[in-house]
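**Q** Each chain is listed here by its residues.
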Amino acid sequence: MEKESLNILIGGEAGGGLVTIGQILAKSLVRKGYSILVTQDYQSRIRGGHNTFGIRVGIEKILAPKESIDLLIALNEETVWLHKEELSHGGRVIVDGAYCIGDIVCVEVPFSQLADKRYVNTAALGVACSLLGLDEILVATALKDYIGKKITEVVETNLDVLSKAYRWGGDQSPSVSIKLKPVSKPEKRLMINGNEAIALGAFSAGVKFCAFYPMTPATSIVMYLIAHAKGMGIVVEQAEDEIAAINMAIGASFAGASSMLATSGGGFALMTEGVSLAAMTETPIVIVVAQRPGPATGLPTRTEQGDLEFVLHSGHGEFPRAVFAPGSIEECFDLTRRAFELSERYQGPVFLLTDQYLADSYRAVDTFDIKNLPQFGPSDVAKVSDTPYNRYQITESGISPRLLPGLTQHLVVADSDEHTGDGHITENLSVRKQMVEKRLRKGRGILEEVIPPERSGEARPDLLIVSWGSSRGAVQEAASMLRGEGLSVSILHFSQVWPLQPSQFLNTLHEAREVVCVEGNATGQFSRLIGREIGFQIPKRVLRYDGLPITPEYIRLQIKKIGTRGK
Amino acid sequence: MEKESLNILIGGEAGGGLVTIGQILAKSLVRKGYSILVTQDYQSRIRGGHNTFGIRVGIEKILAPKESIDLLIALNEETVWLHKEELSHGGRVIVDGAYCIGDIVCVEVPFSQLADKRYVNTAALGVACSLLGLDEILVATALKDYIGKKITEVVETNLDVLSKAYRWGGDQSPSVSIKLKPVSKPEKRLMINGNEAIALGAFSAGVKFCAFYPMTPATSIVMYLIAHAKGMGIVVEQAEDEIAAINMAIGASFAGASSMLATSGGGFALMTEGVSLAAMTETPIVIVVAQRPGPATGLPTRTEQGDLEFVLHSGHGEFPRAVFAPGSIEECFDLTRRAFELSERYQGPVFLLTDQYLADSYRAVDTFDIKNLPQFGPSDVAKVSDTPYNRYQITESGISPRLLPGLTQHLVVADSDEHTGDGHITENLSVRKQMVEKRLRKGRGILEEVIPPERSGEARPDLLIVSWGSSRGAVQEAASMLRGEGLSVSILHFSQVWPLQPSQFLNTLHEAREVVCVEGNATGQFSRLIGREIGFQIPKRVLRYDGLPITPEYIRLQIKKIGTRGK
Amino acid sequence: MVTMDDYGQYDTAWCPGCGNHAILEAVKRALVSSQLKPSKILFVSGIGQAAKAPHYLNANLFNGLHGRSLPVATGAKLANPDLVVVVESGDGCNYGEGGNHLLAAIRRNIDLTLLVHNNQIYGLTKGQASPTSGEGFVTKAQPDGMMLSPFNPVAVATAMKASFVARGFSGNTDQLSDLISQAINHRGFALVDILQPCVSFNKVNTYAWYKERCKPLPQEYDPTSHETALKVAFEWEDHIPIGLIYKNDRPSYEERIPALRGGPLIQRTVDRKRLHNIMEGYF
Amino acid sequence: MVTMDDYGQYDTAWCPGCGNHAILEAVKRALVSSQLKPSKILFVSGIGQAAKAPHYLNANLFNGLHGRSLPVATGAKLANPDLVVVVESGDGCNYGEGGNHLLAAIRRNIDLTLLVHNNQIYGLTKGQASPTSGEGFVTKAQPDGMMLSPFNPVAVATAMKASFVARGFSGNTDQLSDLISQAINHRGFALVDILQPCVSFNKVNTYAWYKERCKPLPQEYDPTSHETALKVAFEWEDHIPIGLIYKNDRPSYEERIPALRGGPLIQRTVDRKRLHNIMEGYF
Ligand SMILES: Cc1ncc(C[n+]2csc(CCOP(=O)(O)OP(=O)(O)O)c2C)c(N)n1
Ligand SMILES: Cc1ncc(C[n+]2csc(CCOP(=O)(O)OP(=O)(O)O)c2C)c(N)n1
Ligand code: SF4
Ligand code: SF4
Ligand SMILES: [Mg+2]
Ligand SMILES: [Mg+2]
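Residue numbers (my numbering), protein chains in the order written: chain A, 1 to 567; chain B, 1 to 567; chain C, 1 to 283; chain D, 1 to 283.
It is worth saying that the hints were derived from the structure and are not from the lab.
If you're wondering where the values come from, they're calculated on a predicted model, not measured in any experiment.
Think of the CB as a built atom: it goes at the ideal place given N, C-alpha and C, for glycine as much as any other residue.
Don't take each hint at face value.
Said to hold, decoys possible - In silico DSBU-like pairs for lysine-lysine, Cα to Cα no more than 30 Å straight-line:
1) D/K161 x C/K247
2) C/K140 x B/K230
3) A/K561 x A/K540
4) D/K247 x C/K231
5) D/K161 x B/K230
6) C/K273 x A/K371
7) A/K561 x B/K438
8) C/K231 x D/K231
9) A/K438 x B/K438
10) A/K438 x B/K561
11) C/K203 x D/K161
12) C/K247 x D/K211
13) C/K273 x D/K140
To be verified - Quick partial rundown of chain A residues pointing at chain D, CB under 8 Å, derived from the structure:
14) R47
15) G48
16) G49
17) P214
18) T216
19) I226
20) Q238
21) E240
22) G266
23) T297
24) L312
25) L440
Unchecked claim - Where chain D lies over chain C, by a calculated footprint (3+ residues, C-beta under 8 Å):
26) 107–115
27) 144–157
28) 194–205
Could you build the full structure based on these sequences and the hints that come with them?
**A** Here's what the structure looks like:
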């Protein structure tokens, strides 16, 4: 029987090539027209340990990862032991004959006959693809695209192994195969992960400068930028530390280059003084904080939504800001653009809060619309006459005319001290008061433009699930599951978590019989924020803080546990 | 007529000796048995500019600074022009004849006849003290105590000038004098400011190590520690930057020395990664954040309460903490001790949130009780048997047995990564979950020990003023003023601002007809916190953010402006 | 013609007698002698007494955080290499809080001029020892005397083969303004460590103390010899050489960056076609 | 008698063939040869591949933040000078993120041993250039080759007259463990820069590359001559001297601090009488 969807997990040691075959398999599936969703789980080491690359694939859009495994590709014995409990009914394992365990369904592959030790991963790929019914040519092309441009001998050996494995797979009894139902009208789509989408979003928003100090899971954003820096005419500077990174970005932005940063919690902590500087000097800057479990070094390669409050209040003193939290690959692209737009318009720090799960999660998406490339940037803002130029002129909107140093006869002066309209240091306390108010007035504009939370499901549900950021898909799927069980469930999902505009959602909250907030942290930071901002308390929470992404099943089970008053 | 209380202001250039005579005058008044409250207003420069040293003095306890001036001691002309509008009815100015302005009451002193230019400040002191009716011997002694131990020639010249000035003052018509009513039973009291009290509190709590990088208005805490470091057997280390400072303090504390830090917003921003490290490694550490107006460099020598939210959410990841905000000199001492106690007991970061106003404000206080010196410290905690030692043993309270490295045969291992009970790095995700919960459980204990807010005034008032930290005295006096005007006013003042225990004050809030929150910031951070924690919104706020301290009159006027529904 | 008037005349917040006044004057003279228009120059400074300097002349200015002016300047220069970027701050800023950025700036050899007002003290915060304070130097914060060895910026920069290493003295403004001109005209990172009395807090390294010791390098001194420079760089105590101590002609950073060959970043627009191709790469 | 067994044997998370394995071995041998008990030693490390090392032996350990091990170690040593404190981390940790702390530690000359596993790469974050990466070195993050001049820790430390400056190589464990012993026994700050291949990300500075170049200093080499050391410190490229390069006997920091003369801080109790007197001073 052909399946509508499958959950495939590849497991093995770091350095054992599981990401390579995972990528090739996923790419092949996407090219065949399937939807996919990749979840990567890896340890903080380069070789050894236990890593997994999970691909959920199907004809319909895949929203979230899943626990139960239909096809386990085990590159070592440990993988079998670690994941055998997760096998679904009918699930099977592609594994070396030596490692099969009695009570599971194994496709016992004689790897040593098919390939040299170094190519076991490719052999496993070949067997799997043959069982899945993917054409060998499709997979071979994806393989070449992935590793091809480098060394031809390696490519050839890989193709050989792939062929052998296909042949071996073809020889197995048809009962072993687990074919996917074909997609009727396959569309051309991108296979792209969250971090790549952010990089693309940044390019399309006109990013010109990025400074960074490597930090998982943010580094790959920067690596994508670097890969195309020369071509796109941007500079990406590896800084001596994160403090340097943010100050460089501020300097570049002050001089006129749209700038961004990408880091994770600990690196961001070092940037907080700079956040305050960007706010005081009213310098646009986009900061991506890719969350991972803390405190301190925590679990560097896992996921969490634990830095919302930290980012929201980062930097000493008071100033407006905006915080976006993408919930899909598409939003990674769109909200990055939006972040640049807002930071240029309101001249200050704007944040993108993502996490390891979303960063590393590949999905199939339609191509992004880049026809319409908005050219924000300082030049639009400046309508300055010949009179003395006041960089920090007091205005109704709080937004002051911004010129760039060196481009006109006007002098541009910015100061981290409190300053007068012309940017020079002052200790005049009534000017101080006006400047505080001017800066804060920009917050009103930001509030007017806030992206409303997404409401789905019927009005006045028995259960309203509130969520934010990367758990979006999981919540959607969980809601479907619960609806399937007869519960009336709606969703209120936030992709912009600051500022909050109560009028957009207060009623929705009040109308629900019961509200549960889903978050990837241990203290319910977003529920507390809602409590603070609109006085609506959400004591019921589904929280996860073990380093793994929130899944639909996890939400479903937790909601059952909490108990709902639903019918 | 003799006065019950007076407001004296000394004004002049930085480097002109106004702090010297301010200190001597204040000390003389305290020794005579008066209560005082000093407010210092200075610019971020060493010489020149306009600085003031205000002394409010009286027989009854003085709670807060005041705007209207009864005696202005003007060391230069600018002072007269800047402050003449603030003179009270009957207020007068001690000033060089040349600088008197028509419409004010001047005591025109021929300074050039009384003293060399360099001693004008002492001459002014002499004239003022003579008019105030203070014995010359008292003032001369205070003078010697202040500058005496250094160079005798300078002391003698000062004493000469003082005498001359006293004689000149004595020759003036009695109508010019503004005598204070004598104190009936003068008590021996300390004249001490907020930062000194913090340093004393730290000594009495057994501080052993402090690392710092200078930053106004926190530096003087450290300077007081240094002055007595050798004698008290503690080490105070000037670090290369704030990041080094917090990491040194963590290292020292890990090794067993109770450690503290003192900084201001920008310096604290650099410490936030370290805050998270202290939490993860469960290392006790006390951090004093002396607030000044931000963002960025802001107004380095002025006051604000703008970093509450920043401190409260500082550090990536989730962990418990406590935040104290002293409202008086006595509380500076007591809460510093308390901070050490809690940080040792719960093994993590504890904060003291003060500000420039309180830091620099001298007052007369009873001697602190140091008979009872609690010896907290790691030795109490450790009850470890011979079995393998687990630094991070999972316990009911979340508190694990703490040994010090090098003192037993047990090895002490701490890790910024997630770790197992023995402190070693782990990627076991169920251990991760347990460790998160263990750390957070310490928050319950902290919550149980929270210091309740101080409630004063009648129950069910028309107006309840909510306040926190340094504005305590101003709020008390404002409440008296408003009561005097027939309003029913009560106060709810917080000296510990985190965590909050709703049961301690929720009723008080609900029972008031109207609630106003008084804060030294522009966004109402504490009111929002209350909203978040207990769902009680306080939209009416008295805020100040021009860099000056909140005064009773300021509160009174703002409350009138907001309008209250009171009778 | 750019004249002194173009750079204006302002009241300062410095103490009378402070060495900063003379440095400000020397900077202005250097700018005039290089005939640089105020609008073409960007000053970047940190926090401290020294860091206030650029507020007292006409130019573009980014007065940022304590210790962080070098990275801001680096970012600005990379964004727009047409700007002449001069960094001005104290010894605390550059050798204390900002020490790591100094190391990186030297290694990058980006075309910036760094003027360090080195008064061997933290002035603005009222007199704690700075990284350059002498051993045994007593302050309120170091009552038993400074116990760390002083940081020798000239020696470290020379050891790192920085491309321009000079030492000036606020008491010799002629030489100083000349050194500053040279530094500005140098392509690459140029450090000018400027000895300067702080009359309020440094009672050891006074004007007279410096005056007695600071001696210009002889005319025939060859700053291109690393070996000689490494010797001269360690001279201190009784004889402090001032002048251009070491120089080489490593290429400057911004000249080497491929993306900058197409002109300043700030003038670029998004290349839609290329972006489209990048996107195609994800099929 | 302390033996290798006291330091245990653990599984590591390092790649097979990584130089870290040999360094770990050398460290253990040095501890045994110095007859130090595990409980008397405190290791402090940062974050990176190198920084995991102390998890793989028995000792006290504080494994802190990336780049911040020196200050933690400084605090611990000041609190309890009886502890033997060894800092172990990578080149990124110590010369990149933590550069400012290295400068300060050298100036302080506090009695710590700093072992830098220098693989000229950021290993744990998958291969970006580190401060010691050679000019032109190509990585994913430096596709056009490294453009910053490499940081030469030995030269900078020698220029700063650090009291103990050595370079070791993971491929010469005999000499390395001897250098580590000496460093631990040295009173004052001791830097041992240890060259180490990273088989996964550094394909230029391989084991063979180092092996060919790293040559022990001759027996007769005199590490107490600053002048000679300053020359040797710059040797690289074809010939890389390994061994103790420079040494002096500046007093160590913790010995000079008056408050520490009364014994370790952690043993003190509050002197109530003195505190009372301090309070009296406020009357
Ligand atoms: C992060 C941070 N830490 C500390 C300070 C406080 N601070 C201001 S200026 C200064 C020292 C100034 O010394 P230096 O750079 O030598 O300048 P100078 O005043 O001597 O010219 C310090 C520590 C600050 N503004 N920011
Ligand atoms: C503040 C901070 N920034 C960045 C990181 C990410 N990070 C972890 S290890 C590392 C580099 C490690 O390089 P190195 O110190 O040379 O050690 P190696 O892995 O090469 O042994 C980085 C950048 C971090 N943990 N913390
Ligand atoms: S304190 Fe020193 S450095 Fe600052 S202005 Fe005065 S003399 Fe100059
Ligand atoms: S990545 Fe490099 S440094 Fe890290 S363990 Fe592997 S070989 Fe060693
Ligand atoms: Mg200085
Ligand atoms: Mg390394």
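**Q** Of the numbered hints stated previously, which ones are contradicted by the structure, given in increasing order?
**A** Hints 9, 12, 24, 25 and 28 contradicted; others consistent.
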